[in-house]
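K.L.:
Given next are the chains, with one letter for each unit.
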Amino acid sequence: MARSPAEPAAPDDPLLAVYLEKRATLVRFLAARAGSMAQAEDLAQDLYLKLAGRDRAAEVGAPTALLFRMALNLMVDRARGEARSAARDTAWREVARTQLGGVDVADEPAADEAVASAQRLRQLVAAVESLPPQAGRAFRLHKLEGLSHAETARAMGLSVKAVEKHVSAALRALAARLGR
Amino acid sequence: MTLASITSEEARREAAADWLVRLAAPDLAEADLAAFDAWLADPANARAYDAALSVTLELQAAAPAVLDAISASPARRDRRPARGWLVAGGLAAAATLAIALTPTRLFAPATQAYVTDKAQHRTLTLADGSTVDLNAGSRLEVSLAGHERRVVMGQGEAVFDVAHDPARPFVIAAGDRTVRVVGTRFDVRRRDGQLSVSVERGMVEVEPADGAPGRGFRLHPGQRLDHLEGASDVKLTAIDPLQVEAWKTGRLIFRDQPLAQVVADLNQQFARPIALEDAALGQTRVSGVLVLDDEAAVIRRLALLAPIKALPSGDGVILRRDEAPKP
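If you read the sequences in order, they're chains A and B.
So for the first sequence, the working numbering puts the first residue at -9; every next one is plus one.
So for the second sequence, the working numbering puts the first residue at 977; every next one is plus one.
If we strip away everything but chain B, and leave its shape as in the complex, we get (with noise of 0.2 Å):
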């Protein structure tokens, strides 16, 4: 290496360091950005600040356990007056857990269950933090035990948000499959027999119940396993992450998926069945997004991205092949 080399290297160090500071300063402008941007387009200038970031971020993880052994050592004996809030703040934070646990602790059963309705919608907090937002026509059971917490669920779909335990893994039985959770939101959905899984972040496995045929799969944010249940294989398929939880802001993204899950997802929204006239009908693939607000005009969009026409029946409405071409 060259004295030049050396110094340049030096000096793109020194670089990378100032704009580690640069970036978390409060008056960080949009120029500021752009800077970055080009300064980054050298990749030894990306390296260096890659180096840079992720020592910092090592440091960072390592906050609580980097700082008590600083201060067991000996060496260093001034206080920090700075370090009282964050004591007092996780005080709070403790009082305010303990409050908002106490009741559902002591008063909830060991296992709870919970259910939602057609077109009905739930968001359930559990004692440990997590969330979970029942789809309509849902089941499910949860127990929060010392060592694992633990949901079964029966038919339904749901977007679970799970708080973080390493020592408390969060555990999902869908029928043959276990879905198996560190800390994460994702959405899980089992109907007649067909299991989805689909995760928004963190990371999910999803491996055969005991005795059920299969390997394990470990999903990661964007992806999604499509499962038959009974079968030993799954497909995995990569989706929109504004896919994966539609359903709560009342839209349903399809990508490629049979019509007739699409009307089995609708008839869980509306009270109104629909029904398919034949059975090769609801084999017709579809995509595209319903916004749910009136069946009817649900039932006239769902139109327009299948080959079908829709008739009165009864107290329903039966979906019909139609032949004529669309415009």
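If we strip away everything but chain A, and leave its shape as in the complex, we get (with noise of 0.2 Å):
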């Protein structure tokens, strides 16, 4: 993934260094958590401003877990403050597309990138319609009208655990089916 230009290629802080070493790993984590990738790089720049903003002399312990610690509240702290509000946040990103590889983030269709997304909208719901029903009800509940794990797992009268690998098996058909 690329970088952004603004984070130095080389600093002299361990931390620093290990951030941009991982920062495609942590983009990845984001982006499964946050639901977009627009978030995922905010989140990400959040992170370093973080890093780059905090106090050295506290620290103690290897950089990389300090690192995914700090990654983990981020996330934490952020989903206290907006709690479950992903779902309805994505909806002006309706038409935005982003590019894992690159650091784009178009936020508007080209004309005739609109009509290939209506076209492709209609494969979404297909291929959503056409997962079994269990996996379908759990995908759906869980990705598409943002709640959690456990509100889902209540919703469908299932555990957890269950539910997990319910949205795990919708998951891996939709990416067989959709992906491109």
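It should be emphasised that the hints constitute simulated quantities derived from the structure, not laboratory data.
All C-beta atoms, glycine included, are put in the ideal place defined by N, C-alpha and C.
One should not assume that every hint holds.
Chain A stretches covered by chain B per the calculated footprint, using a threshold of three residues with CB under 8 Å from any CB of chain B [what the hints assert, rightly or not]:
| hint | segment |
| --- | --- |
| 1 | 14 to 22 |
| 2 | 113 to 126 |
Not the full set, but computed from the structure, chain A residues with beta-carbon under 8 Å of chain B [said to hold, decoys possible]:
| hint | residue |
| --- | --- |
| 3 | LEU64 |
| 4 | ASP67 |
| 5 | LYS133 |
Using the hints, put the two standalone chains together into the complex.
P.N.:
Written out as structure tokens, the structure reads:
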């Protein structure tokens, strides 16, 4: 994944060095959690600012473990602040296309892309509708409507582990059918 | 492809889907992230994950449209009990917005001017939800029309955090350049014919105003554009994201900038004027961070970054070239 040019290539701070080395992993994690590449990039940027502005004196332990702990804390703080808004926030990004390989995030589609996206939308809907009932419902509640794992489990009368299994099966089927 | 490699691809896709679920789990620990990182070390694993992730993100981005299509289809009549809070949340947010918008909309004139004096910072919340942090010594005019949000920047500097609204572009007129925005956070500085635009996140377009020479540029996060008004060219540089709005946190960050510009910035922050003894001294390049607390202390620290000494002069301070070598 491309780095934002604002982040120096070789900082003398070991934690910043680890950040740059692990940035692709962090963005992948943050994207799975936040539900959009744009938010993942924002969060990765927030994390960088936190790291750059932190008190280095109070630091103990391996930098990689510290980095991952800070990334987790960032998500916990965010979850407290804006619980469950992710599904609503995605509304304006309906037409946004993000690219994993680069940092480009185009906010509005080109005119010819709008036509293609209507066709793509039909493919997305068909793929979701073709999922087995339990997997389809778990995916819809958790990924599309933004319920947490626990809320999805309550809504479906299943254990959290069972919900995770259904969502994973749904993701596998969707990736196989829609991947390009 | 052999049977073994098909099986391993299948296992990879399964592992990728499991990771996508696991990473979103509330009980995720830092050891899980370390294991995920180790799993990604195999490029084939990373590809499988990216493929599953991009499909998931695409579906999540299209969630409202997909949900509408599914609920409209006759095959799916089961009502989703969980939909209730989503609708309620949306209504509540809309209600809050209406309360926030109405008074400003009713009483604000079509164009509103905002001014800050020396040593004064000001945060504005515009009716569309955008915020503008005005640095000292700045003046701008805002008009929010139905089709366009427009800011005319006189002199000064401001950090814009623009509310996303594709139907109403946010346009900043700064002399002979126009800054066009989709939804983002960035800094615009226009002082003495010198324009700088620095982007913290999102994307910003800077193009010549009607009739002005030159071409347009699209800026990404961590990029900065410098332009001398009247010239046809611009300079693009990479910047530290911390630098974008350092003045808001009471710091100024300089990277290879002329001393004259540093002094101009400081003169906006402090009442006691600082002058340079000669113009050539103003061309000295300066890099460093200045914490903006007390003017005398700031000048002392500046003297460590540049070959200068400060002398009192009338009600101000004059900076003179210091020939003595620094320790």
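K.L.:
Are the hints correct? Go through all of them and say.
P.N.:
Evaluated hints:
Coverage of the segment 14 to 22 of chain A by chain B holds in this model, with 6 residues showing a Cβ closer than 8 Å to a Cβ of that chain against a need of three. Requiring three or more residues with a Cβ within less than 8 Å of a Cβ of chain B, the coverage given for the segment 113 to 126 of chain A holds, as 4 such residues are present. Checking LEU64 of chain A against chain B: minimum C-beta separation of about 12 Å lies over 8 Å; hint violated. With a least beta-carbon distance of about 14 Å to chain B, the hint placing ASP67 of chain A at the interface is violated under the 8 Å criterion.
Hint status for LYS133 of chain A relative to chain B: holds, with the closest Cβ pair at about 6 Å, below 8 Å.
Going down the numbered hints, you'll see the structure goes against 3 and 4, while the others check out.
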